[in-house]
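Colleague: Based on the sequences and whatever the hints tell you, model everything.
Heads up: the protein sequence lines correspond to chains A and B, in order.
Following this note's numbering, the residues of the first sequence are numbered contiguously, the last one being 610.
Following this note's numbering, the residues of the second sequence are numbered contiguously, the last one being 610.
It should be emphasised that the hints constitute simulated quantities derived from the structure, not laboratory data.
Any given hint might turn out to be false.
All copies of an identical chain are treated as equivalent in the list; a pair is satisfied when it fits inside any one copy or across any two copies.
[To be verified] In silico SDA-like links for lysine to any residue, alpha-carbon gap of 25 Å or less:
#1 LYS580 with SER272
#2 LYS600 with SER325
#3 LYS501 with ARG318
#4 LYS379 with LEU391
2 protein chains.
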Amino acid sequence: MKKYPPAPLNKTNVTTSVTTDPAKRRLFLKSGLLAGAGLVSGSASAASSSNKLLPHWSRHLGPGVASTGYGVPSRFETDVQRKTLDWLRARRESSVSFSPLQSQHGIITPSGLVFERHHAGIADIDPNSHYLLIHGLVERPLKFTLSDLMRFPSVSRIHFLECAANGVLNYPGAQYNSLQFNFGMLSCCEWTGVPLSTLLKEAGVRKPAKWILAEGADAAALTRSIPLDKALDDTLVVYAQNGEMLRPEQGYPMRLLLPGWEGIINVKWLRRLELGDKPWETREETATYTDLMPDGKARQYTFVMETKSVITSPCPENPMAGKGRVSINGLAWSGHGRIKRVDVSVDGGRNWRTARLQGPVQNKSLTRFSMDWDWNGEVALLQSRAIDETGYVQPTMAELRKIRGIRSFYHNNSIQTWLINKNGEVENVQLA
Amino acid sequence: MKKYPPAPLNKTNVTTSVTTDPAKRRLFLKSGLLAGAGLVSGSASAASSSNKLLPHWSRHLGPGVASTGYGVPSRFETDVQRKTLDWLRARRESSVSFSPLQSQHGIITPSGLVFERHHAGIADIDPNSHYLLIHGLVERPLKFTLSDLMRFPSVSRIHFLECAANGVLNYPGAQYNSLQFNFGMLSCCEWTGVPLSTLLKEAGVRKPAKWILAEGADAAALTRSIPLDKALDDTLVVYAQNGEMLRPEQGYPMRLLLPGWEGIINVKWLRRLELGDKPWETREETATYTDLMPDGKARQYTFVMETKSVITSPCPENPMAGKGRVSINGLAWSGHGRIKRVDVSVDGGRNWRTARLQGPVQNKSLTRFSMDWDWNGEVALLQSRAIDETGYVQPTMAELRKIRGIRSFYHNNSIQTWLINKNGEVENVQLA
Chain A
179 MKKYPPAPLN
189 KTNVTTSVTT
199 DPAKRRLFLK
209 SGLLAGAGLV
219 SGSASAASSS
229 NKLLPHWSRH
239 LGPGVASTGY
249 GVPSRFETDV
259 QRKTLDWLRA
269 RRESSVSFSP
279 LQSQHGIITP
289 SGLVFERHHA
299 GIADIDPNSH
309 YLLIHGLVER
319 PLKFTLSDLM
329 RFPSVSRIHF
339 LECAANGVLN
349 YPGAQYNSLQ
359 FNFGMLSCCE
369 WTGVPLSTLL
379 KEAGVRKPAK
389 WILAEGADAA
399 ALTRSIPLDK
409 ALDDTLVVYA
419 QNGEMLRPEQ
429 GYPMRLLLPG
439 WEGIINVKWL
449 RRLELGDKPW
459 ETREETATYT
469 DLMPDGKARQ
479 YTFVMETKSV
489 ITSPCPENPM
499 AGKGRVSING
509 LAWSGHGRIK
519 RVDVSVDGGR
529 NWRTARLQGP
539 VQNKSLTRFS
549 MDWDWNGEVA
559 LLQSRAIDET
569 GYVQPTMAEL
579 RKIRGIRSFY
589 HNNSIQTWLI
599 NKNGEVENVQ
609 LA
Chain B
179 MKKYPPAPLN
189 KTNVTTSVTT
199 DPAKRRLFLK
209 SGLLAGAGLV
219 SGSASAASSS
229 NKLLPHWSRH
239 LGPGVASTGY
249 GVPSRFETDV
259 QRKTLDWLRA
269 RRESSVSFSP
279 LQSQHGIITP
289 SGLVFERHHA
299 GIADIDPNSH
309 YLLIHGLVER
319 PLKFTLSDLM
329 RFPSVSRIHF
339 LECAANGVLN
349 YPGAQYNSLQ
359 FNFGMLSCCE
369 WTGVPLSTLL
379 KEAGVRKPAK
389 WILAEGADAA
399 ALTRSIPLDK
409 ALDDTLVVYA
419 QNGEMLRPEQ
429 GYPMRLLLPG
439 WEGIINVKWL
449 RRLELGDKPW
459 ETREETATYT
469 DLMPDGKARQ
479 YTFVMETKSV
489 ITSPCPENPM
499 AGKGRVSING
509 LAWSGHGRIK
519 RVDVSVDGGR
529 NWRTARLQGP
539 VQNKSLTRFS
549 MDWDWNGEVA
559 LLQSRAIDET
569 GYVQPTMAEL
579 RKIRGIRSFY
589 HNNSIQTWLI
599 NKNGEVENVQ
609 LA
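Modeller: As structure tokens, then:
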């Protein structure tokens, strides 16, 4: 949906003709039909009849293998960056960057574009001076260096990671006209590590243990309490993402991953796991990361990031290129498990059609959906609604507020509406 | 299996004791048991009783969100690079770099580490000046800009990509003691693009068409002939890898992907597809990329990269850290489809055990396998043998040579042997 100018014509008589034949309106292709088909038939040299008319890169040798052993994106893609807002990076004690979902394809977020949320900046850890302690209510307190950890059988799984505050900027009054700033505290990687259950087995969990305190090695010494059940279920101590070692801003050399649970509990730069019989009531699970309910009480431990979806193209950053057929494309995810269905509406939720899902649909992973749409050039209201394998249906903002009231701001999984204007521009709107 | 020195002890009385109790020999952990368990029980402050003893990163704020919007690996991981050999990069007309499989985790190869093979260097293409022609035996010759292509419904699939020449350096006489140089022309990404069948439907294939010529926009104008059946099956015109636009060295802004087929036919910088009734017999499918058989004839069109596997840890770059339990880890793949089973031998192929496969096992994708092994410190010969869903069994070098003779050098999928020396060093050997 990116707007590129039409390809410049060279002198090989390849001309462009926009089809106006209504019978051709089903085509996705707007301007590709070649007038005078004969000219390109048969000969392999037709398109290159005069070498001088070829672009530079078809006439001159390029550089050999990349001069650095670690490649970077094309110089024509430098606008694809995670971004922040001045007031969200002013203090190192609390900084955020948002992933450019409008430019993401497939379900994997490139490691260089994974969103960031730091509570004391990025810890730049020498792996030779780092270890993980497991202690408290265990038979054998243990200490793991990175190389110790890497001796254990590892697993690799594709899971999304979403900050509890993703969508905070999207409540009425703070709405940015942007996919990136409203949904970009969301990423999905292939994570490699050791099941925490394996490490706990080595340490030997003592009977009264019910909770685990996880602590980061950053200057925030960020701590959260984790129920033992989740620790023994699918929690991983991760050391790699997308095929390489963790990035510093993602917790190098080791972090927790609790698939489907709010970002902050996936403690980065993990240095300590202490087993105990009750939660620790740390700052990040009491003063913050709780949901203030209508009755004035704070709902504590909203662990699961509930079912959510968003259309990534079109969106404010990806306006409509013109009338005709287009593929609506988006992402859906659920902390409960697999996405079962995604519905798409082009009339603000009055009518819904079922979108295609991109398989294999993985557990607690981003899932791509798409739906063909013939845009007639009129104003439209695009929405997507995800349903997961447990039957949970993504709520509207009104439904969310009926339960949560207006003072709860974390865990916003409400349905998003994009207003398509006649000129193709896309606006972020909230329907009453 | 990387050798890190033991974590330096600080003054919190956390001491290291290597267990010599035979009852503990089943543990993967070599040095993590803490002497004096009492000292770390109960208090959350035990491990941080004196702030001054904590490392720098736990006492000082780190930088806020990454200063660049596109992150890079930790400064402690700079040795993880694709590498080449002087004689393989001397000429831009033919350069190669190898992916560091010894440092890859999971199945995704980070885009910055995907192997390279260029026939005229890297084409640095401005997407605004590039288009794809579909012509020849079609009803409607068509021209696609990148934005045209991106209007179509896309699919994203995880597939491996392997150069036909992967393993060439591993024939007797040219054996490097390295995983990277013998197996590193292999990578695996999530690829996003449009099925070629969709584009051919738009163009309308005319009856006599049986083959397609694919041409790159690099200065080699690299061309290969593709059977129409494969083009209509699972072939994609790809514009993204691992969630972002293709890297320049991977064919930006568009390339072919023929899942499971030899690397060179996955034409990069794709600019032209011409439909015809017979193969074109181009240079890269006659003079090169054919297999010279014992009878002196060249076997033409070895499209499928057959079933193969290799142990990635241990390997020459990942020596054994010491006796005891370790997780043997490796990769398997097949151009025929899914991997069904991988066997591992520690005695040069006399006895085999079935390895664990990492799911979900995907079609024509790298597949991780692992097997626990208690190394007694004696010399051992490690091998892996992959079997795919068609029943194809990865051959030994002797079996391969029985069919191919000694003059065929592409398409080497023979079983690899790593010799484990008593000191833990790993050697690349060929068994007679």
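Colleague: It remains to establish, for every hint, whether it holds in the given structure.
Modeller: Do the hints match the structure? See the list:
1. LYS580 with SER272: Answer is neither; intra-copy 31 Å and inter-copy 65 Å both fail.
2. LYS600 with SER325: The answer is between: 20 Å across copies meets 25 Å, while 58 Å in one copy does not.
3. LYS501 with ARG318: between (67 Å within a copy, 22 Å between copies)
4. LYS379 with LEU391: within (17 Å within a copy, 58 Å between copies)
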